[in-house]
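Following the hints, put chains B and C in place on chain A, whose structure we already have.
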Amino acid sequence: MARAIEAAGWGWRHSDRRRFALRHLDLTVEEGERVLLLGASGAGKSTLLKALAGVLRAPEAGDEEGDLLVGGHPAGDLPGYAGLVFQDPSSAIVMGRLGDDVAFGMENRAVPLERIWPRVLEVLELVGLRYPLDHRTDRLSGGEQQRLAIAGLLALSPRLWLLDEPTANLDPEGAAMVRETIAEVVGRSNAAMLLVEHRVTGLAELVDRVVVLEPAGGVLADGPPEEIFGRLGPRLRAEGVWVPGPRPARLAPPRAPGRAVVAAERLSVVDGVDLAAHEGQVLAVTGSNGSGKTTLALALASLLAPTSGEVRFLGGAGQPASGPAAPRSAATLRPGARPPCPAAPYPTWPARELVRHVGTVFQQPEQQFVTSSVAAELAVGPRRCGMPEPEVARRTAELLERLALTHLADANPFTLSGGEQRRLSVATALATDPELLVLDEPTFGQDARGWDELAALLAAQRDAGRAIVTVTHDGELVAALADREAKLEGGRIAAACAPGAPAEAAPVP
Amino acid sequence: MVTTEVRRRRHRALVRWRTVDIVVASVIAVTGGVVFWAWDQLWNTTQVAFAAFPPGQAVMYGIWLAPGLVGALVIRRPGAALYTELVASIVEALLGSSWGLSVVLYGLAQGLAPEIVFAAFAYRSWRLPVALLGGAAAGAAAAGLDLHYYYAAWQTGWKVSYVVIVAASAMLVAGLCGWYLVRALAKTGVLQPFASGRRSPSV
Amino acid sequence: MTLVLAAPLAAGRLGRFNPAAKLAAAAIVMVGLLVTADLVTAGIVLGAELAALPLARVRPGELARRAWPLPVAAAGVALANLVASSAPGTTTAAISIRLIAIALPGVLVFASTDAVDLADALVQQVRVPPRFAYGALAAFRLLPMLAAEWETIGRARRARGIDAGRSPLRAAALFGSRVYALLVAAIRTGTRLAAAMDARGFDSRSPRSCARRQVVRAHDWLLVAATAAVVAGANLTAVAVGAWHPLLL
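Protein chains in written order, with the working numbering: chain A, 1 to 509; chain B, 1 to 203; chain C, 1 to 249.
It should be emphasised that the hints constitute simulated quantities derived from the structure, not laboratory data. Keep in mind that a hint or two might mislead.
[As the list claims (entries may be wrong)] Residues from chain B shown here face chain C by an in silico Cβ test under 10 Å; the list is partial:
id	residue
1	39
2	96
3	98
Beta carbons are placed, not taken as given, at the ideal position from N, Cα and C, and that holds for glycine.
For reference, chain A alone in the conformation it holds in the complex (with noise of 0.2 Å):
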């Protein structure tokens, strides 16, 4: 019988780029092999993915050396044998109905149309996707629409499956129900499975053999879990691997909370509760997907205005100063005091005058990105405030180097690696010194590495006094460094008390 996966001295280089992805790459996978692929950012695991499933085509993609063979032939020559599963489900769905997609690849194969169908409903039955057939793709969780996925794929029985970090953009519900239809699919099969996760937890049960990657090389180390684990722990996790073991370390306050900066007053999405973030405090939003964390974040932000209710800045120059007057970290930059508030109702505040008080960073650092260099980004804001240039030209350096970005200066924001622009959207958020800091989902598709510099960070910045709102479903982020938890359940504010607290527990004021 053939083997699932042969590399011998097999080599990658993407077209734009001048050294190889991956070199002298030597690996045998064989068939029902579940090998677990590890490495850090950059050691070409995605790549190898991508050619096994026949997507990398050289010359034009790219230059190859050596020889990758899936089930005895060149890779993607034996059409459906392997099948690759994408890290962003959203954007690997073809069809806008759920029937459709699942025939998408069936149709390729030129699979009968009599055959289709009832294989479209056999797959999705066992996936556990039970909409109709004509269920719009878009209105699915992510981690239905990676079930889809699945069940496109499953629909052509392949003997090799590629899961490329298929939790890593999911909430923990959609990543629980993934790992469950990974297991049940591939467990119940005689196929192999390379898998490349962040998240090791959860699907180590899964596996039988670890493979790790050395970048622009080929096979660092490789043999049963427990050993790779065990002998080579502490160097994963430095690379960013969440390793299982003991969970991040709770990073508390050194003092009390300050006044509260802003206060949310009968919004309708948090049914009459009165929210309010505080100066020296985190407020970690929570709850599952369409509960109205998003919506509750942005109407913080003076980013949406509220049907219903009133949200009220009360931070700014002229108010009292009720906390306790805090000797200023180096983590501060500001160095006068805080500028007044515009009179207007706060959903209305001009733009110039909101990002002296309020900084947000949205889940995808992308969506903010206004100029072509790193150093015009960290400026924009300073400059819309009107701040003397010598003092946006200070603000700037000082950024550069706090959050290690002085040698992309001059690059493209756009060309920055995931980890690098959320640093980037961070400190633009901070170029302004603002009291308030709001943040949608920081550690989305985060590695461990990045987890811990962005748990870091927050941290400073609440003990130099900000007020910080996080929205998040991270559930140890929470618990590393949420002062105090608001839980969203359809619409409505389940609790707004102490992180971890039972839901019925009386909010704490």
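Leaving out everything else, chains B and C in the frame of chain A:
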């Protein structure tokens, strides 16, 4: 010396569209649809002002014609201008354009005109002057259709000025802005799968 | 014009016709009317269309929502013609009537045709290459997501301190900046979508099957034939009456 075989292979490589060419050209067309909808929302100029006021029409034409130009400058293959503009017009029709099938006819003409310009340069030059010419051609084609449809009875003087205004506006918005837009896109790295995004000397 | 993907009339009677047949009918009307600018031809065809509306069980509300700019446009064109042309009033009126007569069938076609059905019919009946039709269809599916992205990009700019204020120049610059960001997001998504489609075998040079069959029935042929008859008849009538008036560029 370039052999026939090499020339044939180069030609085939240029002519056969990959999936990414088809999908991204289509996405550019669909984005054109979103932009036009957003433009509409911004100025509250519903199709009324656009329709009932020929000078207003003339100025706003550039936005209509941009998808074809941008598609051609990004994809850089034979048929890109025509395909992108045609798909954009079908998207408009599906979104409920009051002009029905006419909008597709216009899309055909608006895509064919710059296509001819790019073909005249053997699909090898994608520089600013060619883009400007393509934009002007697209504008002239659209204006020509307007003249046939509605203004065939105008005096010659009016007709000529109409074509000139529309062609000039198209040259500026679709040609000039389109060209700069594609150049800015190339710098973001998002055009990496295309010749327009390669680091080689920009043509 | 709100960004709506579904065809509101697709569930009605018109939805049961083959999309290619509907397109052919609309095209016949377009070509048949563009050859002449006279009141007789345009009037007969428009009259026939309006008479056929009740047969098609089209709810007036739905039609009005899409077609209301047409009378306004017709009036505007008439005005422009009165100012700039030296043609007789009947020609001006004919041009305006013709505008509506050509647009109306097309509006009905697209209002009653689902995008997927359109793609299937184009591939199966008109023989459009499937890679192009389904590639375009896949991109079309992204419309609502791109519209939402446009909104988010606007909010993100406000969060950075950038808004239009009162200056139209700044409004134009902001619009341009948003178009740029939207295109980046759109092209990125498009590239990923293309990779996913390739990974599912889309790029093969061998023929593919289709999970949805579009059939051509008797009533489709009837529609096309009837349309051709009406258009030809209108033209002939105009010739007979002496009103036929080809007015080209």
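Taking the hints in turn, this is what the structure says about them:
1. 39: holds (7 Å)
2. 96: For residue 96(B), the interface hint holds, since the closest Cβ of chain C sits about 5 Å away, which is under 10 Å.
3. 98: For residue 98(B), the interface hint holds, since the closest Cβ of chain C sits about 5 Å away, which is under 10 Å.
When each numbered hint is compared with the structure, no violation occurs for any of them.
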